[in-house]
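Chemist: Just need the whole structure built from these sequences, with the hints factored in.
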Amino acid sequence: MESISMNRVYDYMFHLINEYSKLQRFKPVKPPSAKEVCAGSLMCFAEQKERELLERSRAVPSMDRPCKLPDADRDRLERLIQRKKQTIEDVRNMEMTKTERGSR
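Just so it is clear: in the sequence shown, position 44 is 44 by UniProt numbering, and no numbers are missing.
Hint data in this document are derived by calculation from the structure and do not stem from the laboratory. Some clues are possibly wrong.
[Stated by the list, open to error] Simulated restraints, written as ranges between beta carbons of each label pair:
#, residue 1, residue 2, range
1, Gln48, Arg76, 51 to 57 angstroms
2, Ser3, Gln82, 30 to 36 angstroms
3, Leu54, Phe14, 17 to 23 angstroms
[To be verified] Once the Cα atoms are required to be at most 27 angstroms apart in a straight line, the calculated BS3-like pairs of lysine-lysine come out as:
#, residue 1, residue 2
4, Lys98, Lys85
5, Lys35, Lys22
6, Lys68, Lys22
7, Lys98, Lys84
Small disclaimer: the values here were computed from a predicted structure and weren't measured. In this text, a Cβ means the ideal position worked out from N, Cα and C, and glycines have one as well.
Modeler: Structure representation (structure tokens):
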């Protein structure tokens with residue numbers, strides 16, 4: 001598997017959350033007591049080491065498009081489903097055989 005940078009992972013996670021949020025039915029409403037703060041408002045109260053950490057961990061929008069996962073391999077998926085169904089059927093048959101032997 002090729003190496004994936006964390007920026008790409010975060011971009012894809014943001015993309016998923018963003019798409020999922022479109023499915024939500026509620027509309028968020030700003031409470032009357034809410035106050036707008038600037039991006040650097042945390043910096044005012046942070047000590048030097050905290051400021052450095054906050055600066056390094058600051059999120060910025062990516063210019064790259066989100067990752068696109070390859071389409072599922074339909075044949076492989078169908079084989080997996082069939083194998084799972086067969087396994088379930090085998091277990092049921094073994095259970096039936098065991099209960100029949102136990103009732104004799």
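Chemist: Are the hints correct? Go through all of them and say.
Modeler: Do the hints match the structure? See the list:
no. : hint                               : result
1   : Gln48 to Arg76: 51 to 57 angstroms : holds (54 angstroms)
2   : Ser3 to Gln82: 30 to 36 angstroms  : holds (34 angstroms)
3   : Leu54 to Phe14: 17 to 23 angstroms : holds (19 angstroms)
4   : Lys98 to Lys85                     : holds (20 angstroms)
5   : Lys35 to Lys22                     : holds (25 angstroms)
6   : Lys68 to Lys22                     : holds (19 angstroms)
7   : Lys98 to Lys84                     : holds (21 angstroms)
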